[in-house]
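Enquirer: Protein chains in written order, with our numbering: chain A, 1 to 87; chain B, 88 to 528.
Hints are computed from structural coordinates only; laboratory data are not their basis. Mixed in with the good hints, there may be bad ones.
[Said to hold, decoys possible] Interface residues of chain B toward chain A, partial, derived using beta-carbon atoms under 7 angstroms: (1) G331; (2) Y332; (3) L333; (4) V334; (5) I367; (6) R370; (7) M410; (8) Y411; (9) L418.
[Claimed, not checked] Straight-line alpha carbon distances no greater than 27 angstroms define the calculated DSS-like cross-link-like pairs of lysine-lysine that follow: (10) A/K53 with B/K276; (11) A/K53 with B/K170; (12) A/K53 with A/K86; (13) B/K267 with A/K86; (14) B/K415 with B/K276; (15) B/K170 with B/K276; (16) B/K267 with B/K170.
Keep in mind the model is a prediction, meaning the values are calculated, not measured. All C-beta atoms in this analysis are idealised placements derived from N, C-alpha and C, irrespective of residue type, glycine included.
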Amino acid sequence: MPATPTTAEIERTLLAEISGMFPENPAVTSATPLQALGLDSLRLFELFVLIEKQFGLSLLDSPLTREALENVASLAGHIAARLATKG
Amino acid sequence: MPLTLPYRRNRCYLTGVDWIIGTLDCMTRRSTGAGNTSQILLELEGHVDEARLRETVHAFASRFPALSGQPARDWLNLAPYWKMDRSTGRCTVEILPAQSNSVAAIATLCRALNTPFPTTHDHVAFRLVQSGEDRSFLGMVFDHRLFDARGAELFLDRLAAFAAGDATPAPPELTRPVRKPYLSDWTAKFSAGRNINRALRACADARPACLPIPTDRPDFQYHFETLDVAQSRHLTEIAFALGGYLVKMPYLLALAVQAVDHLFAERGHTPEHYLIPVSIDRRSARADSQSLFFNHISFLHFLLTRHDLQSIENLVQSITRQMYEQTKARLPEDFEQTLLLMRILPVGVLATFSQRLFSGNFGTFAFSYLGETACRTRQFLGHRVMNLVHTPRVSTPPGLGLFVNEFDGRINVTAASLEGLLSPDEAARLARHFQPANAQI
Chain A
1 MPATPTTAEI ERTLLAEISG MFPENPAVTS ATPLQALGLD SLRLFELFVL IEKQFGLSLL
61 DSPLTREALE NVASLAGHIA ARLATKG
Chain B
88 MPLTLPYRRN RCYLTGVDWI IGTLDCMTRR STGAGNTSQI LLELEGHVDE ARLRETVHAF
148 ASRFPALSGQ PARDWLNLAP YWKMDRSTGR CTVEILPAQS NSVAAIATLC RALNTPFPTT
208 HDHVAFRLVQ SGEDRSFLGM VFDHRLFDAR GAELFLDRLA AFAAGDATPA PPELTRPVRK
268 PYLSDWTAKF SAGRNINRAL RACADARPAC LPIPTDRPDF QYHFETLDVA QSRHLTEIAF
328 ALGGYLVKMP YLLALAVQAV DHLFAERGHT PEHYLIPVSI DRRSARADSQ SLFFNHISFL
388 HFLLTRHDLQ SIENLVQSIT RQMYEQTKAR LPEDFEQTLL LMRILPVGVL ATFSQRLFSG
448 NFGTFAFSYL GETACRTRQF LGHRVMNLVH TPRVSTPPGL GLFVNEFDGR INVTAASLEG
508 LLSPDEAARL ARHFQPANAQ I
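Between the sequences and the hints, there should be enough to build the whole structure, so can you do that?
Expert: Right under this line is the structure:
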C-alpha cells in the first residue's frame with residue numbers, strides 16, 4: 001500500500017495544478033488566497049477530481065470551509081488531516 | 088514539424104463548439120427571425136458624447152479584421168473556417184431616441200436586440216440611448232458565432248482602454264486569429280462521441296419538461312434584478328454554506344430551477360424532470376485567457392428530478408454531485424471533441440437533424456453564471472460605469488434562459504424569454520426569485 005503523502009508533498013501537487021490553471025498569474029504561492037485567484041466552482045471541482053485521483057480522497061462528502069480553502073497551504077493541511085483520519 | 092499549406096496559414100478554423108453555436112444561430116433565426124446574438128448593457132453616468140463614441144468605436148474596430156469575417160468551408164479538407172478577406176474590421180454605431188428614464192432606455196435597447204444585423208459581414212453593433220436621469224445606456228450587441236460572453240467583455244475592456252488613450256496595438260493573434268483545422272486524433276473524437284451520446288440519451292429518455300415555442304416569430308423580452316452588495320453577499324454566504332466555500336454556481340442554478348418549478352406549478356404542472364444545459368467558460372483551462380474571438384466554452388447538463396426539488400439542500404446536493412461527476416468524467420472536454428465531428432454537416436442540415444434527434448426539446452431552460460465581469464474598467468469614454476448586465480437572445484429552443492453575472496460585488500440576474508412563452512409577469516417573477524427575501528433557504 002503506498003505511503004500516506006506528507007503535507008509538503010500534497011502542497012507541491014496542489015501548487016503545480018493551481019499554477020497550471022492560472023498560467024497568467026505566475027506568482028501563485030502556497031499563501032496566495034484562492035478566492036483572489038478567481039477559483040470558481042468549476043476549477044475547484046477540477047482540483048477535487050485531481051485530489052481524488054492522486055490521494056484517493058473525496059472532498060464532496062462534506063462541504064469545505066473558508067478556513068480549509070483559504071490558500072494552498074491550508075488546503076494541503078486539510079487533506080493531510082483527512083488522510084490521517086482515514087488511516 | 089507538421090507541413091502547413093501556405094494558404095491555410097492565415098485561416099482561423101472553427102472549433103466544433105463554434106460550429107454548434109452557428110447551428111443554434113440558424114435554429115434561432117428560423118424560430119424568431121433573428122440570430123443567436125447577445126448584448127452587454129452598460130449603464131453609464133452622465134450623457135455620452137455621440138460623435139466621440141462613433142469615432143472611437145470605428146477607429147478601434149478597424150484594427151480587427153475578424154469583426155468583418157464570415158464562415159466559409161475549406162473545400163480541400165472540408166473544415167469550416169472564419170473567412171477574413173477584408174483588411175479592416177467594423178462595428179456599426181447607432182444612436183437610438185433618447186428616453187425619459189432608465190427603464191424606458193433599457194427597454195429600447197432590448198427591443199432593438201430583436202433586429203438582425205444589416206449584412207452577413209456585420210457581427211457587432213453599439214447602440215446608445217441617452218436617458219433623462221443623467222444616465223446613458225450603451226448596448227454592445229454581438230454575434231455569438233464571433234464572441235462568447237467572456238470574449239465580448241474582454242473586447243469591451245480593450246475598447247474602454249483604447250478610448251482612455253491606450254494606443255498599444257493588439258497583437259496579431261488577437262486581431263486576426265489563426266487556428267489549425269483540428270483534423271487529427273480521430274479515435275479520441277469518436278471515443279468522446281460515444282460518451283456524449285450515452286450522456287445525452289439518458290437526458291432525452293427522461294423527457295424533460297419544456298415550454299412550447301410560439302410559432303409567430305416572437306421577440307425576446309427581458310427582466311432584470313440587481314441585488315445590492317449586502318443582498319449579494321448574503322446570497323453568496325448561503326451558497327457557500329450549502330455547497331462549500333467558493334462553490335456558488337450550484338446554489339444559483341438551484342434557485343433558477345426552483346423559480347422555473349414555481350412557474351410550472353402556477354400553470355398546474357408538476358414535471359418529473361427538468362434538464363438544464365449550462366455553458367461554462369474554458370479559457371483558463373486552456374491557458375489562453377486573452378482570447379477575444381470565438382467560443383471558448385463547453386457544456387454541462389443537469390437533469391433534476393421531483394425528489395431533488397423537495398428542498399433547496401437536495402437541489403444543491405444533486406447539482407453539486409452531477410457537476411463533480413461530469414468534471415471527473417471529462418464531459419466538457421468530450422463535448423469539445425465530439426462537436427468537431429459535427430462540422431462536416433452544414434449548419435442548416437445540422438439544425439434540422441438536431442431538432443429531429445431531440446424532438447425539439449433541448450432542455451427546459453438555459454443557464455449561465457459568468458461570475459465577476461472580465462471587463463475590469465470602471466470608466467468608458469470618461470463616464471463612470473454604474474453596472475454591466477448581459478441580455479442574451481437565448482437559443483431557441485428552449486427560448487428561455489436565466490443568466491447571472493456580477494459587477495462590483497453586485498449580483499445581476501437576467502430572465503430572457505420569448506414573448507408568448509411567458510407572460511411579462513411570469514418572466515419578472517423568475518428574476519425576482521433571486522432576491523434573498525424570496526429565495527427559499
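Enquirer: Now tell me, hint by hint, if it's right for this structure.
Expert: How the hints compare with the structure:
no., hint, verdict
1, G331, "holds (3 angstroms)"
2, Y332, "holds (4 angstroms)"
3, L333, "holds (5 angstroms)"
4, V334, "holds (5 angstroms)"
5, I367, "holds (6 angstroms)"
6, R370, "violated (10 angstroms)"
7, M410, "holds (6 angstroms)"
8, Y411, "holds (5 angstroms)"
9, L418, "violated (12 angstroms)"
10, A/K53 with B/K276, "holds (24 angstroms)"
11, A/K53 with B/K170, "violated (43 angstroms)"
12, A/K53 with A/K86, "holds (16 angstroms)"
13, B/K267 with A/K86, "violated (47 angstroms)"
14, B/K415 with B/K276, "holds (18 angstroms)"
15, B/K170 with B/K276, "holds (25 angstroms)"
16, B/K267 with B/K170, "holds (14 angstroms)"
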